[in-house]
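Q: Read left to right, the sequence shown gives residues 1 to 318 (UniProt numbering).
In short, the hints are calculated from the structure, not lab data. One or more hints might be untrue.
[Stated by the list, open to error] Here are the computed distance ranges between Cβ atoms for each label pair: (1) His125 with Met282: 39 to 45 angstroms; (2) His19 with Thr43: 34 to 40 angstroms; (3) Arg54 with His125: 30 to 36 angstroms.
Just so we're clear, the structure is a prediction, and the values are computed from it rather than from any experiment. Where is the CB? At the ideal position from N, CA and C, for every residue including glycine.
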Amino acid sequence: MTFLLNDQFSLTDIYLVFHVVILLQDLIESDLPKAVQLLNSLTEQVASVTGHIRELLKKVKDGAFKTSKGLSFLDLRYHLLLFYLQDLTHLISVKTEGGPIKDDEALNRLVTVRTVLEKMRPLDHKLKYQIDKLVRTAVTGSLAENDPLQLRPNPGNLLSKLNESESDDDTEAATEKKTSHSTSRKYVPPKIAPVHYDGDVTEADRKKAQAERQRRAALRSSVIQELRQQYSDAPEEIRDRRDFQSERESRDELHRRNYEESMMVRLNVTKSQKNSRKRGMMGMSGQLSGITHFGDITALTGGDGEQVTKHGIMGNGG
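Please put together the full structure from these sequences, using the hints given.
A: Rendered as structure tokens:
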């Protein structure tokens, strides 16, 4: 291969250009099979979605689906997704042809639609539980026996089922007996009650979060802190913790006591001062009660840890 050199191009420039061309060829050869595979998969998916949409449109036009009482929120969401896909397809076609997309209006529309969809996500999360229940009801045609929607209040249960007057007719007597028998039965509360929807959090995620909280609590325990100070090579650090609120209360109490002793009088104690003294005593008692309790560090060794309750610390049994 012969190169013609002139004043504009040197041998180094030509070598760099040749090296870049080789790298581009290697990159194209490595990415070309993947790109062809993705395009084939995309073509198949587009054909499948197109056929499905045509069937749905035909059913809607024939009146098989009633869309007059649908949710406007879902209608808006699907329209936004359709606009987003249209603009995205347009930008892909422009980039495929090598055109610029910097000043394209579709780019601004994509950002706007994406922002609106992100703002709608919390509302979509709240409506997901109700929408899923309605979809299941529409598919099955009826509610399950233990479905929480069956547990809604029935005002008819507040009416008396007893007859006001007795009848000599045997049929009415049998009916009255059956009615009184049905009302005299013991009330059995439902086994399944409506609960708050916790979202997409699974039991494994809750256990993982609880184990992480127990591990952090164990790392903050006095036992770990003492061991860290004992076996650490760092010099011992002495901290002088000052509570400005406590110091001010101590100064006020000292000034009050000196005034009472010098003037031979007893000053009235306000409610806020009583509460402040009570908080101080509770803090001291809490520190004294924690002297003999070294905390639970079983979470660091793979144990279940202790459960903190309202009245104290409860072990994990055993």
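Q: Enumerate the violated hints, using their earlier numbering and listing them in ascending order.
A: none
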